[in-house]
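Student: Sequence:
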Amino acid sequence: MLESTLSVIILMILGVVALAGGIITFVIFRLRYKTASSNEALIVTGPKLGDPEKEKNVFEDDNGRSVKIIRGGGYRLRMFQTATPIDLTSFQLQVNSEKAYTKEGIPVRVASTAVISIGSELEIMANFAEKFLGKKQNERESELKDVLNGHLRSIIASLPIEKIYNDFKEVNTQVKKIAESDLKGMGFEITSFALNDVEDVDQENGYIDALGRPHIAEVQKKANMAESDATKETRIYHAKNDQEAKDEENRRLTAVAESTNEKEIKEAEFQKETNRAKAKADQAGELERQKLAQQIKEEELKVKYIEKQRAVELEEEENKRRRSIADAQAYEVTKRAEAEADTERIKGESEAEVIRQRGMAEAESKERMAKAMEHYGEAAIMEMLIGVLPDYAEKVSAPLSQIKDMRVIDMGGSNSQGGSAKVANSVTSTMLGIQESLKETTGMDLKAMLESYVSRGHVNNFSSEANKSFEEVSSTKEEDSQPDESGKEENQS
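Letter 31 of the sequence shown, counting from 1, is numbered 31 in full-length UniProt numbering, and no numbers are missing.
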């Protein structure tokens, strides 16, 4: 039991010792490990810094002094080594010389500004560590100002006042050039140097002011001339601008007028086109209405045509039906007509034969009469005319014989004839008129022929001979009429 308790105690002691040893080791390691930010560097000094030939951040001079520079990062210090951080940020120095003499011996007051930083090269940083490590910033700046002021005074003394006053850049370049080597030996780099101002120490009899007066006068003269020229140019410019403004105004007014005119013309053309388009649209609408009406009419005509065509087809069918009936009837009629035609043909042939026989008899009778007239000449003609006169008178007075009742009204007067005498005279007047018509149409004057024939004394002889001839002719006519009666009897049979 005792042994186990002792074992536990021993283990606890060992654990505490180990923990304490670990803590001590961590603390020592933490204290020995140094870091540097991006604008800092660690200057490590002490033994065993490393081989400068193998490690680029280790510098060793001819006297055997060595430093190790750590820029940005960490480093674990070995036994008996120390690390000092330095700020690599640049800083500004005001380098002023209250009284510096130029090459001509003119006292001037000079003000300038320099921007300084710790050197970035390993040797320069080693120089800084040797000369300024452990010093305060104001001590460093004081030493740097003294060095730069001395170089500035030396450059001022080597240059004439006109060069210094007119060429600050040359002064800056020379100061920076001669100061760089000294600053590197001190562990610094000069980033820039700028001469700000140069002025006379003696303000009352200042050389720099006197040096600038001719130039100022010339400048003022040029300024006055330039001002006058500027005034002239300004007036010319204003006049030119006024003229251009007027021209531009006139041009714009003209352009506005032209634009207005063009607008009115375009509006008129647009209105014209609108009216034309409207007229075309109205005309097109009217044409469309007419086309529609025409189409409707054509459709109606098509319907009527179809109806008529249908009616014609029905009519044709009806005609076909009727034609078939008519063909049957026509066939029957044709047959009947053919029978009747045969009958009529036979009848016509009989009548033609009768007419032929009658014509032959009449021709023979006329031939005999012509021979008789040729034989008796004018006497026969006269005899015939005298023979037909009673018939002639009868035909003329025939209308009077149709009068059933006649009333004669005699109005009296100078004429002694009464109404009945006028009725009787109308017959003779009619005969005289017919005789005149016969004379006009045939050239035969019946009255003259009778008077001529009676005056020659042929009346008695003519009567007996003419009667004989006419009896022969009459007998011939009677003989000719007999065949006609026999022909009629044959036809009747």
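I should point out that these hints are in silico values taken from the structure, not numbers from a laboratory.
Hints may contain errors.
[Stated by the list, open to error] Mimicking DSS-like on lysine-lysine, the simulated pairs with C-alpha atoms at most 25 Å apart in a straight line are:
1) K163 to K184
2) K103 to K184
3) K56 to K103
4) K297 to K320
5) K335 to K347
6) K131 to K145
7) K136 to K184
8) K99 to K131
9) K291 to K280
10) K169 to K145
11) K304 to K291
12) K297 to K308
13) K222 to K232
14) K135 to K184
15) K266 to K246
16) K278 to K291
17) K145 to K135
18) K103 to K163
19) K145 to K177
20) K131 to K176
21) K177 to K163
22) K320 to K278
23) K163 to K222
24) K99 to K176
25) K99 to K169
26) K169 to K184
27) K263 to K278
28) K163 to K176
29) K145 to K184
30) K232 to K221
31) K131 to K177
32) K280 to K304
33) K131 to K56
34) K308 to K320
35) K169 to K131
36) K232 to K56
Student: In ascending order, which of the hints set out earlier in this document are inconsistent with the structure?
Tutor: 1, 2, 3, 4, 8, 15, 22, 32, 35, 36
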